[in-house]
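Asker: Listed below, chain by chain, are the residues.
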Amino acid sequence: MEHDFIDKYSRTESFLSRLDPRIKMISLLLFIVCVVTTDPEAFHAFAVYGLLLAVLAGLSRIPIADLLKRMFTAVPFILMTAFFIPFMQGKTAVRAFDLGPVTLTVTREGLILFWNVLIKASLSLLCAVLMTATTRFPELLKALENLRCPRVLIMILSFMYRYIFVVLDEFMMMRRAKDSRSVGGGRWFHVKALAGMIGVLFIRSFERAESVYLAMCSRGFTGRIRTLREFRFAMRDAAFLMMVLASLAAARFLGGVHG
Amino acid sequence: MAEHVVEIRNLHCTYPDGTKALSGIDLDVIQGEALGIIGPNGAGKSTLLLHLNGILRSNRSVKVLGREVTEENLPLIRSKVGLVFQDPENQLFMPTVSDDVGFGPINLGLGKENVRDTVRRALEEVDMLHCLNRSPHHLSFGEKKRVAVATVLSMRPEILVLDEPSSNLDPGHRREIIALIRRLPLTKVIASHDLGLVAELCARIALMDGGRVVAIGETADILGNRPLLEDYCMLDHPH
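Heads up: the protein sequence lines correspond to chains A and B, in order.
Each step along the first sequence adds one to the number in the numbering used here, with nothing skipped, and position 240 is 240.
Position in the second sequence (from 1) plus 259 gives the number in the numbering used here.
None of these hints come from the bench; they were simulated from the model.
Computed from a predicted structure; not experimentally measured.
Note that CB positions come from ideal geometry on N, CA and C, so glycine has one too.
Hints may contain errors.
[What the hints assert, rightly or not] Interface residues of chain A toward chain B, partial, derived using beta-carbon atoms under 8 Å: (1) F137; (2) P138; (3) S158; (4) R162; (5) F165; (6) V166; (7) M216; (8) S218; (9) T222; (10) T227; (11) F231.
[Claimed, not checked] Across the chosen pairs, the derived CB separations fall in these ranges: (12) T273/B to K192/A: 33 to 43 Å; (13) T278/B to L157/A: 33 to 43 Å; (14) Y213/A to G469/B: 35 to 45 Å; (15) P486/B to L228/A: 48 to 58 Å; (16) A239/A to S399/B: 34 to 44 Å.
[Said to hold, decoys possible] Listed next, the stretches of chain B that the computed footprint assigns to chain A, with coverage defined by at least 3 CB atoms under 8 Å from CB atoms of chain A: (17) 304–317; (18) 407–418.
This is chain B alone, in the form it adopts within the complex (with noise of 0.2 Å):
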């Protein structure tokens, strides 16, 4: 049987102004796949992508290679699990893209020739290495979001979490983010409105909608499935 890097069983999560956010979710990620997780805005798709390196803990009910997280297991969870936020003005906050995709592996300790590997690393994966010493706010928005790709592959993760990856990004942007996506030999768990970007990555799909895993099964099957995309707002061309 394949491994579970993710066990999450009945995971309920509510925010303090009190809007239920995720209501009972159970999912497993099994190792080397890539997961898509589709749904309509306000889902919770957001909210579950936060529990998977600690952000957001609400119960005991999510395992991270194999591991319950908890403040002890948090340090390892959170460099193995690279969490990609949706907007890189976020994500990027140190003032050059060096300093920011050595955040992470300085504060795992790594030593000073091994950080600057590292980060040249990362950066030869995403394709930006020749932005090493510039600022982030000098970047474009598709290069911002290829470094923000880099800073937690940095961190030399083993399940990479990304969200929204090709949001605003133009169709040569979003083509390039998507061939990168698939270059990386990680577990991957993508949450996105962009069936085509999830029908090209991901072998399968967990369709959420009020806090809840609504359906759960191969790409194709889902995406076959029009009754059930329109009825949860996910086509553009309904019948």
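Bound conformation, chain A alone (with noise of 0.2 Å):
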């Protein structure tokens, strides 16, 4: 069965996807910590930090439309700890909300922070979802490697990506058998079946494991894996490197201007 939902563009070829992805990792933390420490109300820097973003969607040659896609699953989670914030204790009331019992002031401080959070998050997921997007796994887990990420974490996230299809396999083929068999019946009734699976899923992936660590000893597996790294760095690296270090400065300055 084909799943394509983390490498779909990875084989998309741009010039983001030929850059060191080392490069780009160091690139994205640039921008997270610049947009997160930039004053809420430096409306010039977030506009320069969204122009940047969009040149860069620009030299991805990934559909803008499923690169916001991408970014906006992630949105509820924000909106939801963000809700909250307009009706924080603040000194200006921009307007109430009677409620009966409960009377909700919405503050201009309050706002700023709504928006503060909203826009940081956004443009740092935004940010995040063109360098996945662009770079293929196994090469984001080399450069992670390679930048001194703890090794059991890139283990993880190896393993991840390299079983995640397998049990999804399993499962869909587990629904599928479920489906032929299943007429009619109560939704409590599919409900059930349903943890049933999950059950069976966990054990089968559990002795997957013990198999894959089987197969990892008898190939010479002593605790640590160890693979080939070979990066280098180009000069489109370094003059990358160098538009996006300029941006973030210019936004930086104008939102020190305005600020």
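Fit chain to chain and form the complex, with the hints in mind.
Answerer: Given below as structure tokens:
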């Protein structure tokens, strides 16, 4: 069965996909740090960040709608946590909602903070989406390893990437088998069947993990995964990093002037 | 006298849940031969294979290349005995094909250039060099089987152990994998239900049932003995 939600675009050739993944990773971190530490009312700065992302999205040759779709999968979580911020304590009330026993007051400070959380999270997310969509997952892992990310985390991610599709396949096959035999039956019956399937899936994955471990041992695994890393820092990587740095500096400068 | 690369004497194995998987196996593998292991489901074939490179160690009854299978001999034995598992999904666990084929050689401590070379050669041997940087989950089942063979070839083993090499393959890919196995100049131990494959590749066959070797001999003698095969569920058109 075909699943491509992780590397749908990883084989799209573009300027961004050819960059050294370490450079992309570092740029992403720089971008996030800059965005997060920008003054909430430095609107020009946010415009520059947005412009930079728009240029990068253009360079990535990935349909903008897909990038936004990926970003918006995470936005509900942000909204959930940010929803009550506008009603926080503040000096300047903007508007009050009378809900019988309680009165909710929207304050200017609250609104600014709300905007702050929303814009910063969205920009950071979009940048992360761009980075992951233009980098093949194995390369991403190697870049992380190269940048001294803890080994255990990389191993977990690497097995996740390798086996999530296998587990999904197993689940889909089980569900087909169930669907082809379940005629009628109440909703509760189906929920119970689903619970059973999840249990079976867990046990199968557990047993598969054991087989995989045996396969690793028979090829000399001693507790440490080692791979060949080969990244080459090219001219375009340096150029890209300079461009990112320049844009971030410009954004911070503009933010400083008007903030 | 031909050299025995594997000697098994009175091998017993009981799984932790109490299932007796092997009860007194005696078996020799002769250098350069291809030995087929056949037998009904649950006969203990896979368990026997797991003893050949020390994944399972029941008692001191297995000798590989003249060495007892002990903790200190394990690295050597595992590099000399290449075990290909039945399910390639379990055999291929790294994010890319090249990482996976390189996994063994890197663990053996080969240098960078050497590893890269070995990986290319192993993939060439199974005609999969074009998939070097693909992810295993993007390969077809037949391709996964071939890459799985490459992952142990890259360790330059002397003995190749294959568990059901043709299972779940369509006739065309089955032919390919048979041709591939035949090409490899190694000692081979092949466990399979596929009597056609065993007949084509192996000169000697051991028939297992209930954790024992119940018959062993030349391929023609074993496969020609229809009553024997019928007794052990190995024929699909019994008389």
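Asker: So, for every hint listed, does it hold in this structure?
Answerer: Cross-check of the supplied hints:
no.	hint	result
1	F137	holds, 6 Å
2	P138	holds, 4 Å
3	S158	holds, 5 Å
4	R162	holds, 6 Å
5	F165	holds, 4 Å
6	V166	holds, 5 Å
7	M216	holds, 6 Å
8	S218	holds, 5 Å
9	T222	holds, 7 Å
10	T227	holds, 5 Å
11	F231	violated, 13 Å
12	T273/B to K192/A: 33 to 43 Å	holds, 37 Å
13	T278/B to L157/A: 33 to 43 Å	holds, 36 Å
14	Y213/A to G469/B: 35 to 45 Å	violated, 28 Å
15	P486/B to L228/A: 48 to 58 Å	holds, 55 Å
16	A239/A to S399/B: 34 to 44 Å	holds, 40 Å
17	304–317	holds (count 3)
18	407–418	holds (count 3)
In summary, the numbered hints that this structure violates are 11 and 14.
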